[in-house]
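**Q** Sequence:
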Amino acid sequence: MEENGFEIHSNFLDDNSISEIIYEIEGLESDYPKHGIRNAEKKLATVKKLVDSNLLREKASSFLSGIPEIVRVIVFDKTPAKNWLVTWHQDKTISVSGKADVPNWGPWSLKDGVNHVQPSLQVLKDMVTFRIHLDDANESNGCLKVIPKSHNLGILSKETQDRIVRESDDFVCSAKSGDLLVMRPHLLHSSSKGTAPSHRRIVHIEYSSFKLPMGLAWA
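In my numbering, each residue carries its 1-based index in the sequence shown increased by 925.
Incorrect hints may have been included.
[Stated by the list, open to error] With a Cα cut of at most 30 Å, we get these calculated DSSO-like pairs of lysine-lysine: (1) LYS973 to LYS1036; (2) LYS1007 to LYS1017; (3) LYS973 to LYS1101; (4) LYS1036 to LYS968; (5) LYS1007 to LYS968; (6) LYS1024 to LYS1101; (7) LYS1036 to LYS1101; (8) LYS1024 to LYS1007; (9) LYS1070 to LYS1050; (10) LYS1136 to LYS1101; (11) LYS974 to LYS1050.
[Claimed, not checked] Label-pair distances were calculated between CB atoms; the ranges are: (12) ASP1026 to SER1123: 43 to 53 Å; (13) SER1045 to ALA1006: 17 to 27 Å; (14) LYS1136 to ARG1091: 17 to 27 Å; (15) THR1120 to ALA1142: 18 to 28 Å; (16) TRP1033 to GLU949: 16 to 26 Å; (17) GLU949 to GLY1031: 18 to 28 Å; (18) VAL1097 to VAL1027: 33 to 43 Å; (19) SER986 to ASN1008: 14 to 24 Å; (20) SER1065 to ASP939: 38 to 48 Å.
Hint data in this document are derived by calculation from the structure and do not stem from the laboratory.
Even glycine gets a Cβ: it sits at the ideal position worked out from N, Cα and C.
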């Protein structure tokens, strides 16, 4: 993980838990946002149970310097009707409860009434992203691709990022239902449109043990 910036754990989540989450997601089908359910732990009881479980918290602790806190939870479902692509990028912003003058943090923005900011690199290093696969994921349905070791390069400009992508070999993160992909948020990653799209449901969870400056909380 520390060398490559990601790893895949097979058979992480049991079939019963997967079925329960899918059943609850399907109950939201008519209101399902195109690009996913944000704050999914507040909208889906099965996801709340999952992200608070000892299984996930203990796993998150093994990649962090302290006690993990939930930063962000999103449920994605790439389908024939919602078959998007995501260009190469780093996840380098966080959402917090307010705005503060913090050295080396910025720029700040307001999205859907929530403050977002690009923090210092140290914050990103003390975060971990879990992607739990509820369906099989491969190139045909638009699975994730990563540039191994790119997290070691820090926060990248668009020009540097594009050069690294041109000069590097990517890794296709094919996975089975129940598999867990663990990655650092600032690892370069992307996903193409599916060539034969089907359900590609993912529970995306970000944890952090970074102690936010006084007066701020994860939003």
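**Q** Hint by hint, where does the structure go against what was stated? Just the numbers, ascending.
**A** Violated: hints 6, 7, 8, 10, 13, 14, 15, 16, 17, 19, 20.
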